[in-house]
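Chains as they are written, first to last, in the working numbering: chain A, 4 to 326; chain B, 19 to 539.
The hints are simulated quantities; they were obtained by calculation from the structure and are not laboratory data. Do not take every clue at face value.
[What the hints assert, rightly or not] Computed cross-link-like contacts, BS3-like style, restricted to lysine-lysine with a CA-CA straight-line distance of at most 30 Å:
{"id": "1", "chain 1": "A", "residue 1": "121", "chain 2": "A", "residue 2": "60"}
{"id": "2", "chain 1": "B", "residue 1": "192", "chain 2": "B", "residue 2": "152"}
{"id": "3", "chain 1": "B", "residue 1": "192", "chain 2": "B", "residue 2": "243"}
{"id": "4", "chain 1": "A", "residue 1": "96", "chain 2": "B", "residue 2": "149"}
{"id": "5", "chain 1": "A", "residue 1": "72", "chain 2": "B", "residue 2": "181"}
{"id": "6", "chain 1": "B", "residue 1": "178", "chain 2": "B", "residue 2": "192"}
{"id": "7", "chain 1": "B", "residue 1": "280", "chain 2": "A", "residue 2": "10"}
{"id": "8", "chain 1": "A", "residue 1": "10", "chain 2": "B", "residue 2": "529"}
{"id": "9", "chain 1": "B", "residue 1": "50", "chain 2": "A", "residue 2": "100"}
{"id": "10", "chain 1": "B", "residue 1": "145", "chain 2": "A", "residue 2": "121"}
{"id": "11", "chain 1": "B", "residue 1": "145", "chain 2": "B", "residue 2": "178"}
{"id": "12", "chain 1": "A", "residue 1": "96", "chain 2": "B", "residue 2": "280"}
{"id": "13", "chain 1": "A", "residue 1": "100", "chain 2": "B", "residue 2": "274"}
{"id": "14", "chain 1": "B", "residue 1": "299", "chain 2": "A", "residue 2": "96"}
{"id": "15", "chain 1": "B", "residue 1": "453", "chain 2": "A", "residue 2": "75"}
{"id": "16", "chain 1": "B", "residue 1": "69", "chain 2": "A", "residue 2": "96"}
{"id": "17", "chain 1": "A", "residue 1": "100", "chain 2": "B", "residue 2": "457"}
{"id": "18", "chain 1": "A", "residue 1": "121", "chain 2": "B", "residue 2": "308"}
{"id": "19", "chain 1": "A", "residue 1": "112", "chain 2": "A", "residue 2": "40"}
{"id": "20", "chain 1": "B", "residue 1": "75", "chain 2": "B", "residue 2": "192"}
{"id": "21", "chain 1": "A", "residue 1": "100", "chain 2": "B", "residue 2": "453"}
{"id": "22", "chain 1": "A", "residue 1": "75", "chain 2": "B", "residue 2": "202"}
{"id": "23", "chain 1": "A", "residue 1": "60", "chain 2": "A", "residue 2": "70"}
{"id": "24", "chain 1": "A", "residue 1": "139", "chain 2": "B", "residue 2": "246"}
{"id": "25", "chain 1": "B", "residue 1": "192", "chain 2": "A", "residue 2": "75"}
{"id": "26", "chain 1": "A", "residue 1": "100", "chain 2": "B", "residue 2": "295"}
{"id": "27", "chain 1": "B", "residue 1": "299", "chain 2": "B", "residue 2": "280"}
{"id": "28", "chain 1": "A", "residue 1": "65", "chain 2": "A", "residue 2": "121"}
{"id": "29", "chain 1": "B", "residue 1": "299", "chain 2": "A", "residue 2": "100"}
{"id": "30", "chain 1": "B", "residue 1": "453", "chain 2": "A", "residue 2": "60"}
{"id": "31", "chain 1": "A", "residue 1": "112", "chain 2": "B", "residue 2": "192"}
{"id": "32", "chain 1": "B", "residue 1": "295", "chain 2": "B", "residue 2": "308"}
{"id": "33", "chain 1": "A", "residue 1": "139", "chain 2": "B", "residue 2": "151"}
{"id": "34", "chain 1": "B", "residue 1": "527", "chain 2": "A", "residue 2": "10"}
{"id": "35", "chain 1": "B", "residue 1": "457", "chain 2": "A", "residue 2": "224"}
{"id": "36", "chain 1": "A", "residue 1": "224", "chain 2": "B", "residue 2": "453"}
{"id": "37", "chain 1": "A", "residue 1": "100", "chain 2": "B", "residue 2": "280"}
{"id": "38", "chain 1": "A", "residue 1": "139", "chain 2": "B", "residue 2": "178"}
{"id": "39", "chain 1": "A", "residue 1": "139", "chain 2": "B", "residue 2": "457"}
{"id": "40", "chain 1": "B", "residue 1": "178", "chain 2": "A", "residue 2": "96"}
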Amino acid sequence: MEFFRYKSAIDFMGKSKKAIMLSITLMLLSYAILLTKGFNYGIDFAGGTIVQVKYDKAAPIKEMREKLKSNKMFNDASITRFGSADEVVIRMKSTSKNVAEGIGDITRKALQGTGNFKIRRVDIVGPTVGNELREKGLMSMFLAIAGILIYVAFRFEWRFAVASVVALIHDVSIASGLVALFGIDVNLDVLAALLTLLGYSLNDTIIVFDRIREGIVESKKMTLRETINDSITRTLSRTTLTSLTTFFVIFTLFLFGGEIIHPFAFTMLVGIVVGTYSSIFVASPILLWFGFDVKKYHTKLAEKAKREAEKNRMREQFESGVM
Amino acid sequence: MKFNYRIVIFALALVFGIAFSMPSLFQTKEGKKITLGLDLQGGLHMLLGVKTDEAVKSRIKSIAASVKHYADRKEILIDNLSFTATSVSFEVLDSDDVASFQSFLSKIEGAKVVQNGSTFVVSFTPKEIQKIKKMAINQAIETIRNRLDQFGLSEPHVAKQGKNQIVVELAGIKTQQEEQRARKLISRAAKLELMAVDEARDARVYNMSPADAAEYGDVILPDAKHPKVKYLVHEIPILDGSMLTGANVGFNKNNKPVIDFKLNAEGADIFGDFTGKNVGKRLAIVLDGKVFSAPNINERIGGGSGQISGNYTVLGAKDLAIALRSGALLAPVYMMGQRSVGPSLGADSIRESMIALAGGFILVIIFMLVYYRMAGLIANIALIANLFLLLAIMSLFGATLTLPGMAGIVLTVGMAVDSNVIISERIRELIYEGKSMHKAIEDGYSNAMSAILDANITTLIAAVVLYVYGTGAIKGFAITMSIGILASMLTAILGTHGIYDLLEKKIGKSKNYKFWFGIEG
C-alpha cells in the first residue's frame, strides 16, 4: 500500500502565504480566547478540593445539591457529571488543612440518604502548592523550549532553530487556545501533554529539516525554495503515516482510556493535528523567509572540506616525515 | 557471511526483556517488579507542611525553663522572666549575679544573648533557627514514618519534598476506616515514657491479669519487637517524651553503639534522682504503650544526659534513638494537599488504559502490516521487543507505573514505529530510484539515521525536563516515555537492521517488492 509516491515536488511554498495567514488568524483567536475566557484551571494549579462519587444508578444531582447545603464546607461546591451518568465530581475552592479530617467521610455523611454510592477519589491541593506547580509548569515549558532551541542550533543552524521554535510556539498557542475554548480542566497532565507535544511536533519539523539540509548539501542546482518543496514532498508519506499511527493510538486512549485521561488525550489529539500542519506550513516558510543562503552554505561547506583535506595532508606529511 | 552482530544484540535484548518483564507480567513471588502508582492501585497520598516556628518556640520555652531552674538552684533572684515565640527575656536583680548568668547562658548552644545592664534577652542565631527548623522537619518525617511502619500497611512511603514539605504515600488503603486511622496516626502527638520496671513482681508478669497489675499500681506492657514478651512496669512514668531534647547514637569505651540522650532541666533532675536510687534495676523505654527496651541502670545519671547501653547493633541503636526522638512531633503538621484514590477507581483506570493500550497497539500493528507487508512485520517484531524491554527496564529499576505512565507507553507505541516508518520510506525511495533491495536497505538505514537520532533526542529533552520539573504521576509519564524512546533506538534501528541482515540472501534473490516493502507495481 502507498499513499504518495514521489513524482515531482509539490509547490508547498506557493501556498505558504495563505497558510501563514491562517496560522496567524488561529494564533490571534487563541490568544483572544486565552485572554477573555482563559484556562479552566483544574485544582492542580488553582488549588481546591475534588470529590468523585459513583452511584449504582444515575446520580441524583439535584438531591445531592440540597443535601450538601447542610454543611458550610460545601458552600461553593459545584456538582458536575463525570463520564457516565452514575458518576459525578464535587468541586470546591476551599481546602482543609486538618490532617485528621477526612473530606471523604464528611462528604459521605452529608450525602447520606441519596442512594448507594462510593467515594472514589478525593483530591486536595492547597493554594501554596497550586502556585508552586504553576510556576514549575511555566518554568518547565520555558526550559524545554530553550533546550530544544540550543540542540537544534547546535545540530543544524540558528535559522533552523528559530524556525522550529516559532513553529513550537504556534503549536502550543493553538493547542492551548482549543483547550481553553473547550473548557478542558487544565491539570498537570495537560501540561505534560503540551510538553510532549513540543517534542512530537519538533520530531516532524526535524524530519523535514533533516531532508532540507540533505537536499542543500546534495543538489547544488536547486534554489532553497525548490529544495524545501522537494524535501517536504519526499517526507510527506512519512509525515502522514506517523501522524496517523500516533493519532490512532491517542484516539483509542481518548475513546477508551477513561474520563481521567480525557484532558491529556484531547490536548495530544489537537497537538498532533496542529504539529503536523506546522512542520509543513509554518516552520519551512519561516526558514525560507530568513533567506538561508544556499550558496554561502556551500562555500562554507567547501571551505570546511578544504580545511579537513589540508589537515589530513599535513598529518600524512608529518607522519611520513617522522617515519 | 559476516558476523551479524545486530541480530545478536537484538536477540539478547529480547531475551533480557522477556526474562525481566515476567515478574511484573505474571506477578511472580520472586524478582523485581514494577510498582503500581497510587492512582492505579488505590491509596492515599498526602503532602504535609510542618509548622517549624512551633519547634523554635518549644526550644525557647525549654530555655526559659532552664533559666528558671538555674536561678532556683543558685538562689539568684530574677524578675520579668517572659518569652515570646522567638526570645526569652529576664532581669537579674542583684548585679553581683550577672557574671554567673553570663557564663550559664554562654553554654547554651546556638543562643544569641543580648545583655543590657542586668537585663538579658536570649534568642537563637539565624543559623541555629535554621538548624532547629531542619531538625523539626526531619524529626516529623521520622516520627510519621515510625508510626506508619507500625501501622501494618505494606511499604508506607514518607519522604521530604523540597525544603520543608513531607510526602506521605500509603498504598493499598482499602477502606475509609483504614484511611481515617492512618490520618489520626499521622496527626496525633505520640507518647514516649520512661517507666520503672517493677522488679519485685516482674517475674510473675505472665501469670497476671491487667486487673492484678493495677492493684500494685503497675501495668503490663508488651515488647515492641516480640509481642509475647511482657514487662510489668509502674503505671506512673518517671519521665515523658516532652522532657527529652535529643537522642543520638554514640559509642562507648568498648566501641559498642550506645544512645546518648539529653533531657531538659526538669527532666535531668528527676532522672538523676531516680537513677541514683535505682541502680541495678531496669528502666523501660516505652513508646505508644510498647516497650522498646528495658536496659539496666548501671549508675546514677546526672546532668540530664546519659547513655543507654545494651546489646545493640549500630542500626538497632539508631532505631532506638529515632524512637526516642520521635516521642512527640516537635512541630505540628498540616495538610497542603491530598490525593486519595479508591481501589475500585484504580482498577477501572488499569482496565481502561489496558484497553486503550491494546487497542492502539493492534491498530498500529495491522496498519504497519497492511502498508509495508514484510517490512511492517519486522517493524512489529521490534515494537513487541520494545514493549518487553520497556517493562523489563522499569521492573529492574523498580519504577512506578502511573496512569500518565500508561499514557506514556501508549505514546511510545505510536512513536517507536516512527523510526521504522522513516527507514522504510527511505528504502522505498531508493528502490524507486532503481537501487537493488540489498543496497536500498543499507543506504536507507544510513540515510535515515541522522533524522531519527535528532528526533529522538529532542523528544528526550522534553521528557527529561518533565521528569525534573514534574511531580508524582507526571514523573511516571516522563520515565516511561524516556525508557521507551531509548529502548526503541535499540529495537527499531538496530534490531530491524539485524533481521534484514539475517534475511539478506532471500532478499538478494527476490524481486518481489510488494512482498518485502508493500510497493505496488
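For each hint, the structure was consulted:
1. 121/A <-> 60/A: Since the Cα atoms of residue 121/A and residue 60/A sit roughly 11 Å apart, the hinted pair holds (cutoff 30 Å).
2. 192/B <-> 152/B: violated, 34 Å
3. 192/B <-> 243/B: Holds. Residue 192/B to residue 243/B sits at ~26 Å (cutoff 30 Å).
4. 96/A <-> 149/B: violated, 35 Å
5. 72/A <-> 181/B: violated, 39 Å
6. 178/B <-> 192/B: holds, 25 Å
7. 280/B <-> 10/A: violated, 86 Å
8. 10/A <-> 529/B: Cα-Cα ~22 Å, so holds.
9. 50/B <-> 100/A: Violated, because 37 Å separates the two Cα atoms, which is more than 30 Å.
10. 145/B <-> 121/A: violated, 50 Å
11. 145/B <-> 178/B: Holds, at about 21 Å.
12. 96/A <-> 280/B: Given that 30 Å is the threshold and the Cα spacing comes to 46 Å, the pair is violated.
13. 100/A <-> 274/B: violated, 44 Å
14. 299/B <-> 96/A: With Cα atoms ~59 Å apart, residue 299/B and residue 96/A exceed 30 Å; violated.
15. 453/B <-> 75/A: The hint is violated at about 77 Å.
16. 69/B <-> 96/A: holds, 23 Å
17. 100/A <-> 457/B: violated, 68 Å
18. 121/A <-> 308/B: violated, 37 Å
19. 112/A <-> 40/A: violated, 36 Å
20. 75/B <-> 192/B: violated, 39 Å
21. 100/A <-> 453/B: violated, 71 Å
22. 75/A <-> 202/B: holds, 23 Å
23. 60/A <-> 70/A: With Cα atoms ~18 Å apart, residue 60/A and residue 70/A stay inside 30 Å; holds.
24. 139/A <-> 246/B: violated, 52 Å
25. 192/B <-> 75/A: Within the cut-off at roughly 28 Å; holds.
26. 100/A <-> 295/B: violated, 47 Å
27. 299/B <-> 280/B: OK: residue 299/B and residue 280/B at ~20 Å, within 30 Å.
28. 65/A <-> 121/A: Given pair residue 65/A, residue 121/A holds - Cα atoms ~18 Å apart, limit 30 Å.
29. 299/B <-> 100/A: violated, 46 Å
30. 453/B <-> 60/A: Given pair residue 453/B, residue 60/A is violated - Cα atoms ~65 Å apart, limit 30 Å.
31. 112/A <-> 192/B: With a Cα-Cα distance of about 19 Å, the restraint between residue 112/A and residue 192/B holds, given a limit of 30 Å.
32. 295/B <-> 308/B: holds, 25 Å
33. 139/A <-> 151/B: Within the cut-off at roughly 25 Å; holds.
34. 527/B <-> 10/A: holds, 28 Å
35. 457/B <-> 224/A: holds, 26 Å
36. 224/A <-> 453/B: holds, 23 Å
37. 100/A <-> 280/B: Violated - the C-alpha atoms of residue 280/B and residue 100/A are around 33 Å apart, more than 30 Å.
38. 139/A <-> 178/B: holds, 18 Å
39. 139/A <-> 457/B: violated, 50 Å
40. 178/B <-> 96/A: Answer holds: residue 178/B to residue 96/A is near 27 Å, not above 30 Å.
In the structure shown, a violation is registered for the earlier hints numbered 2, 4, 5, 7, 9, 10, 12, 13, 14, 15, 17, 18, 19, 20, 21, 24, 26, 29, 30, 37 and 39, in ascending order.
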